[in-house]
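Visitor: Construct the complete structure from the given sequences, taking the supplied hints into account.
The primary structure of each chain is shown beneath.
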Amino acid sequence: MTGLQARFHLQRPGFCLDVALDLPARGVTALFGPSGSGKTTLLRCIAGLERARGSELVVAGEVWQDARHWLPPHQRPIGYVFQEASLFPHLNVLDNLRYGQRRQRDAQRISLQQAIDLLGIGHLLARRPQALSGGERQRVAIARALSVSPRLLLMDEPLAALDLQRKREILPYLERLHDELDMPVIYVSHAPDEVARLADHLVVLDEGRVTASGALGDELVRFDLPVRLGEDAGTVLDGAVAEIDRDWHLARVDIDGGSLWVRDSGLVVGQRVRLRVLARDVSLALEPGRSSIQNLLRGQVDAIADDDHPGQALVRVRVGDTRLLARLTRRAIASLGVAPGQDLWVQIKSVALLA
Amino acid sequence: MTGLQARFHLQRPGFCLDVALDLPARGVTALFGPSGSGKTTLLRCIAGLERARGSELVVAGEVWQDARHWLPPHQRPIGYVFQEASLFPHLNVLDNLRYGQRRQRDAQRISLQQAIDLLGIGHLLARRPQALSGGERQRVAIARALSVSPRLLLMDEPLAALDLQRKREILPYLERLHDELDMPVIYVSHAPDEVARLADHLVVLDEGRVTASGALGDELVRFDLPVRLGEDAGTVLDGAVAEIDRDWHLARVDIDGGSLWVRDSGLVVGQRVRLRVLARDVSLALEPGRSSIQNLLRGQVDAIADDDHPGQALVRVRVGDTRLLARLTRRAIASLGVAPGQDLWVQIKSVALLA
Amino acid sequence: MLMASDWQALWLTAQLAAIVTALLLVIGTPIAWWLSRTRSLWKGPVAAVVTLPLVLPPSVLGFYLLLAMGPEGPLGQLTDALGMAPLSFSFEGLVVASLFYSLPFMVQPLLAAFESVGRRPLEVAATLRASPLDAFFSVVVPLAAPGFLTACVLTFAHTVGEFGVVLMLGGNLPGETRVASVQIYDHVEALDYASAHRLALVLLIFCFAVLLVLHAVRLRQRRADSSQESAS
Amino acid sequence: MLMASDWQALWLTAQLAAIVTALLLVIGTPIAWWLSRTRSLWKGPVAAVVTLPLVLPPSVLGFYLLLAMGPEGPLGQLTDALGMAPLSFSFEGLVVASLFYSLPFMVQPLLAAFESVGRRPLEVAATLRASPLDAFFSVVVPLAAPGFLTACVLTFAHTVGEFGVVLMLGGNLPGETRVASVQIYDHVEALDYASAHRLALVLLIFCFAVLLVLHAVRLRQRRADSSQESAS
Amino acid sequence: TIAAASDLKFAMDEVIAAFKQRHPGDQVEVVYGSSGKFQTQIRLGAPYDLYFSADIAYPRALAEAGLAASPVTPYAHGRLVLWSTRPDSRTLTLASLADPAIGRIAIANPRHAPYGKRAVEALQAAGVWSRVEARLVQGESVSHAAQFVQSGNAQVGIIALALALSPELARQGGYQLIPDSLHAPLEQGFIITRRAAGNALARRFAAHMQADDTRALMQRYGFVLPERERR
Ligand SMILES: Nc1ncnc2c1ncn2[C@@H]1O[C@H](COP(=O)(O)OP(=O)(O)OP(=O)(O)O)[C@@H](O)[C@H]1O
Ligand SMILES: Nc1ncnc2c1ncn2[C@@H]1O[C@H](COP(=O)(O)OP(=O)(O)OP(=O)(O)O)[C@@H](O)[C@H]1O
Ligand SMILES: [Mg+2]
Ligand SMILES: [Mg+2]
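First to last, the protein sequences are chains D, E, W, C and R. In terms of the numbering used here, the first sequence opens at residue 1 and continues consecutively. In terms of the numbering used here, the second sequence opens at residue 356 and continues consecutively. In terms of the numbering used here, the third sequence opens at residue 711 and continues consecutively. In terms of the numbering used here, the fourth sequence opens at residue 943 and continues consecutively. In terms of the numbering used here, the fifth sequence opens at residue 1175 and continues consecutively.
Among the hints, erroneous ones may be present.
Said to hold, decoys possible - Facing chain W, from chain C, some residues (calculated, C-beta under 8 Å):
(1) Leu996
(2) Val1095
(3) Val1130
(4) Asp1134
(5) Leu1153
Keep in mind the hints are simulated off the structure, nothing from the lab. C-beta: ideal position from N, C-alpha, C; glycine also.
Guide: Below is the structure:
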């Protein structure tokens, strides 16, 4: 009786949201889907901002709405980052932040000061929202949603207007929040790297319907995944740090079937980490050569599938129990004679450490 | 006397825009910079929405503003996509689009119908903006900016709320527009792949000042580039299609110093194309091995520079007159003995065809 | 049910209210727009002055207007110089007086509406080649529509009910200045309550119908908007 | 410069206008809010009815109120049943009458202001744990501030200038119902123009000052906002 | 509290002053206004103790309705005058009004103001009605009619003598009496209202109205006094 069980049915002229969802009790659920597929509408339903007949929503065993109950939005313990920042124009930044803080009912679990620091908005506190840049507004909106110490966080493309550098600062903070506070997050994003980094669970919407829903790792290696991730197709691996090479600032992470070297940024031996390997970074070789590619694993071809482009294919390779995707040209597959069952070397040019 | 020459000085509490710019007469100029660095403010100055003393702006030899002249915004032949879609709430989508079209002075050079089709907003024409999703609004805003057949297009993060698929459809259209219509574009974006794909020219802003400005290719191989492109560091190469391999859907593109195989998507022999090679996709090897990596060039190490992370370095390699960046771990550099002047093999896992 | 003079008075009232509302729309809009945009120090005083006609008792305002329209008064001298007939005891005089008296009802609601439009829609219009004037009509006016409606409703209703000024200045000439409000007043003063009740009732029904139509327009517009929900 | 009775009348006027404005704020706000949110079919008629007091000539309205407050009228019977003194010819009666008469000036501008606030700010407030009532005060009221200001200005000024109703209903009792507008009217009727001018001038100056302060408040608020430019 | 017709304003102020001198402890307030309005208000419970009407018909109606605590007492007759700011104002007659060059003629509203009603009668009796009718403007009261003339918007007014004698008007123009044979008498009367039935002060004031010096005073202010016998 934990997690989030939802069934929404909302009819609009030209659009119909019709979803049944069962999301895990913790972690980040990424909501993916093309423009106009109903992501925002779904978040609004969860927040209680849209009222649809015959809908049901149970969060952590509490009934928020069903045929007889209706918890009004202001009594739902959520935080909501709207797609447009929607700050209160009559309040300055600090008062926008305080607005929610003053009204929270539960114990304050999130330090507003820390959020302010991490989002880099300390110097803006006295300003009116009208005097902020687009990215600044968005950061304030994130801090404001956190100010109520929500028990469920709904974020509608919160990082869309931010530069890479900022994203890199904010993402780990969000990760920590949901890890430490045990606060599930539903996160709409168009950026596969954000999703890969943050999400544990993936829900794909299309024309108001759920077309895929499952654990992130499982979903990503599905060839028929309805989201075309394109350049960002890849896999997510969980592993543990086995060794730190201080001289070269590298860390060895053991995964099932081998180990990979990743950049070290203060890891400790034994720590559990998540790695992301993009299909485009994986190449296959018949013999190990002397190249700058440091990660070389022994693997076996599992399956070959079409890719977006006819000149390319996705090859799934098993390394122990780990499955990796490799993107190759058809010609390379032919010239190396790659076929299911074949043993070969897997070269990984680059491994991203996610968490 | 072509191109755009600008000098703006705008003082705000806590922020000062102080730029002198000289942009080329055609092509796309990408405006890059962290949140709050003044990108929107710069666009607003160019559009005439901010009026700063002692500013100068000359576009294609016409003085738009200087000490004595001031061309009011509505007489500047620009198209502006605002950072927030800013559609007129009292008009439906079609009337929003017609608003500009009715008022354009010059000949209509852009087919509104075509823009509508390409932006996929045909089914939304009768709706009010309030009934659109975030991405739908943004697409309408792009079409509306084009509806005036501008001679200079200013776009403030126009694709931020769009999914990859949509971006992939819209980007080529924007490319074609600026190619065919000879309409310079100034494009604010946080997405390096958009920039790399579209831009010919890069301007980097930081705290209201220009910290870099130049042709995209030149800027990208500068080690000291103030934009930290991170995973997206790389180079852009110009070449010509030399051969088409119909069986494998591949095309060979000759660049200075060698040739590269890229995915073919309807190229013709002799066509000039732009290629993008990310540093993360380039590996170096002492001897050519048998791997799935199809692009192998002979090159010479030019220089080695620090990268974001101490465990890594960027190596610049000369292939003929072409310069490529490779991202390697420090340990790989040591174990292969990579040093300036050294000859070796350059393996390129993936080449993106941009235009 | 009503006497002929009652119908005449009603017709005169309708004309007066319609003309005054139309003229004030033309006069009040630029004033309100200027007030909403200016940063001049005059803004406060001008806004206050525009409201002042309200605080004088109507018959006193009428008295001062009577003085002004007399041969010695500035308005009287003006009409004289222009070779026009004096304004007092004429329909034109009532129109002029009502313009003064009802000005605040036009300007204040418009001012509030213009202030809530903000600058962004105008900026967008400018980038779409709309001149400031064009943008005003194509963007500001539709966005400020509820304010315009309020302003017109208040102005119209108030001109209908206005009576002190008219009484003071009109001379009660049938067909010229004897509007419905004065007529009802006369009935009451003459203790002819039955006539007063009837005329008042007809006036109320007439105005109720006018107001209902205006509100229906607004309502339908709002419906159209919000059947597609909020946001922007 | 003024006689004692003038000061008394001014003081009474200030009290009346302040009390009426304050009460109407309390009465008009929920009406306007309901009108701005409802989708009921009653919306149009109610909005029209709320405006109707405007179209009756004030002294006629006063006459009907007098009937209503008289021993036979519904209000008179009510006060009687409650063991209260009759309302007619008392300050309380003036307050009640002014509430009727000035209601449109409060409701209409508020209605327009509420309609322009839109739904989004309320949604945001709800996600930040504000109950609807809380959100109304913490979000809607500040966002509708220009509308509140307009409403209060019009109500206040109009109550000051109101006179037909007061004369009919108040009976011109010094210290009880003889407000400044009636006093000026008396001076004019008695052909005592000098006194009328003086009192009118003082009244104008007083109201000008009040209005200036109100506008200054609005202005300063706007300045604070827009010194940092538009957008949102 | 006394409710008095507007045309009494100048006389009544002095009457009250004299009364206060004689009865120093007594508090008297006076309110001036239109007689018709007062009648309505008294019917509906206005707190007036004495009602001095410009038209005796109003207090009579009240008395019939049982709202009077005294018989209806006539206290004066009003006189009509032609008043104008023209230099030749003292030579004007009703007949001369027929000349269109005279301009606009202001009268009080004949529907509810007694002086207006009598003015119309006088114009009709003088045989000029049809020639002046189009040039008549109606004021709400006699003082309003006087203001029309004062401000120059009308040229001649038919108003109460009491008003024409007021300092303000006496200063600005001249008057010519209209023979009272041309119209029904402007009989003015007062009553003590029912609410003041037990009010000794009201009785004292009523008595004061009948005193000789008061009558002399009234005469000075342009009222013709009724025969004593008519009491
Ligand atoms: N108020 C509304 N009234 C009617 N239709 C609406 C309304 N809001 C959104 N829609 C439509 O509902 C569909 C889903 O909208 P929604 O905002 O949920 O999309 P989304 O997945 O969030 O898209 P985006 O990524 O562009 O923000 C769209 O087709 C949209 O046009
Ligand atoms: N109206 C204003 N008044 C005062 N300061 C402002 C105003 N608008 C923006 N600023 C400030 O000016 C600076 C530049 O803002 P600008 O909007 O140009 O940034 P930007 O580069 O577009 O950022 P983003 O990527 O977040 O949109 C910021 O520090 C911002 O806070
Ligand atoms: Mg959305
Ligand atoms: Mg910006």
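Visitor: Are there hints from earlier that the structure breaks, and if so, what are their numbers?
Guide: 4
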